Amino acid sequence: MKPAAFDYIAPKTVEEVISLLTTHEDEAKILAGGQSLMPIMNFRLGRPGLLIDINGLDELDYIKQQDDHLLIGGLTRERTVERSPLVRDLCPLLSQAISFVGHTAIRNRGTVGGSLVHADPSGEIPTAFCALDGRVKAVGPDGERWIDPGEFFLTFLTTSLEPTELLVEVKVPVLPQGTGWSFMELSRRVGDFAIIGVATLLFMNGDGTCREARIALGGVAPTPFRAEEAEEVLAGQAIGEELISRAGELAGEAADAEDDYHASAEYRQEMAKIMVSRSLRQALARTGKGN
Amino acid sequence: MAQRQRINLKVNGVEYEGEVEPRKLLVDFLREDLELLGTHVGCEHGVCGACTILLNGKAVRSCLMLAVQADGAELTTIEGLAQGAQLHPIQEAFHEHHGLQCGFCTPGMLLTSHEFLQENPSPTREEAKKAISGVLCRCTGYKQVIDSVMAAAETMKNE
Ligand SMILES: Cc1cc2nc3c(=O)[nH]c(=O)nc-3n(C[C@H](O)[C@H](O)[C@H](O)COP(=O)(O)OP(=O)(O)OC[C@H]3O[C@@H](n4cnc5c(N)ncnc54)[C@H](O)[C@@H]3O)c2cc1C
Ligand code: FES
Ligand code: FES
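First to last, the protein sequences are chains Z and H. Per our numbering, the first sequence runs over residues -14 to 276. Per our numbering, the second sequence runs over residues 5 to 163.
Everything labelled a hint here was simulated from the structure, so no lab data went into it. This structure is a prediction, so every number in the text was calculated from the model and none was measured. Any given hint could turn out to be false.
Going by beta-carbon spacing under 8 angstroms, a handful of chain H positions derived as facing chain Z [unchecked claim]:
(1) Pro26
(2) Gly53
(3) Val64
(4) Val72
(5) Gly138
Note that CB positions come from ideal geometry on N, CA and C, so glycine has one too.
Construct the entire structure; sequences and hints are all you get.
Next up, the structure:
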């Protein structure tokens, strides 16, 4: 189908976008890569009265390092982040996660900011963002604020971003040398949305024990989330097969999966256990070898 | 009714000017306004890949872009691949290796392969498989498509 009629405006600055959002709060929608919004409009599941196209906001297209963080502009394309040597070196979990998003032609347009705001519970970028404990910067009529993953994702396709706010930046940590990382997913075909996505990180002590573990799951609850009990089992330990199975069990139990067209809740839960264990094994194998 | 907007863009090296309603999809602008019927439209939600074109050299779904967004852009559609009667090596390879049957997916396959081979001139078969996985083909079973991409890579390397 074709989208219903709308007004269209393509501002050039963040200030203009905020002032348009403030004036047209109820009927306006931001158009970034359009890889989620355009299908919604083509199916007439959404009929915004005004489209605010932010593709001309060159100021939001960047990747830079600031001390021990990477700052990624809200409009930076998924493909740009995936291929960035800086991201591959300093935060390989993110590049790896993005490589699972759709296909090249989707990632050429889709943006990291758009994927986070779309908040699909099985989205790879939202899941990696949880494991990395990243932050997003939102700008609105009352200024700017930083939001953490727990506060940001509310439920299916819903975030705490106000209708008058624009996501302008994503911040993720530089992973210290020797950190173990892994992103894995279960999907029927290459490029499909994940039935389950798992992101794990193992921050290590000098003596080879694990200082802190992070385990994030996508596709098994209304939002991506951290399996904190499973993480706690690993913290401070010399990780071996037994702890890995235990963490997998706990992470699977934390899932709040539902039946859908792709898989039953039971299958998702069972696979979550297996996927978390596999992912931890991969992360462990990568520890201590630099990034 | 939303204001019609004037756009200027270059398609296959030719300058065009048009006036469109904002809701006009880029694929429909190419087909209906410019009468470039080579770009096919299948699903209109980004899944089938039939409408894939190159936007400033990068493969994109033209069903997920508005025509107004292509203002000032340079596009390549399937009509722009051959040089007159001289087929592009990727087209030659698809012809030679039966990379198409009904041809519906072919424009998307060719432009997707084009971007892929620019970025990765010596791909493995596995990489080629993954690269074209975003374009659905109901006829060939993909084997011949992958053969074609691999053959095209070979010829293009030797040119
Ligand atoms: C065939 C296909 C396969 C796909 N496969 C996957 C997949 O496997 N995994 C996956 O995670 N995704 C997948 N996607 C979705 C893709 O990742 C999208 O790019 C992403 O979800 C949305 O990013 P976008 O830039 O295209 O945003 P848009 O579609 O432009 O916008 C999405 C939503 O976010 C809002 N928005 C966008 N940017 C901002 C901003 N800066 N500030 C405030 N609001 C904003 C918009 O108003 C809209 O509500 C797929 C899409 C397609 C078409
Ligand atoms: S018509 Fe555009 S991807 Fe199917
Ligand atoms: S040749 Fe018929 S769909 Fe591919």
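A quick look at each hint next to the structure:
no. : hint   : result
1   : Pro26  : 3 angstroms, holds
2   : Gly53  : 7 angstroms, holds
3   : Val64  : 5 angstroms, holds
4   : Val72  : 6 angstroms, holds
5   : Gly138 : 3 angstroms, holds
The structure shown violates none of the earlier numbered hints.
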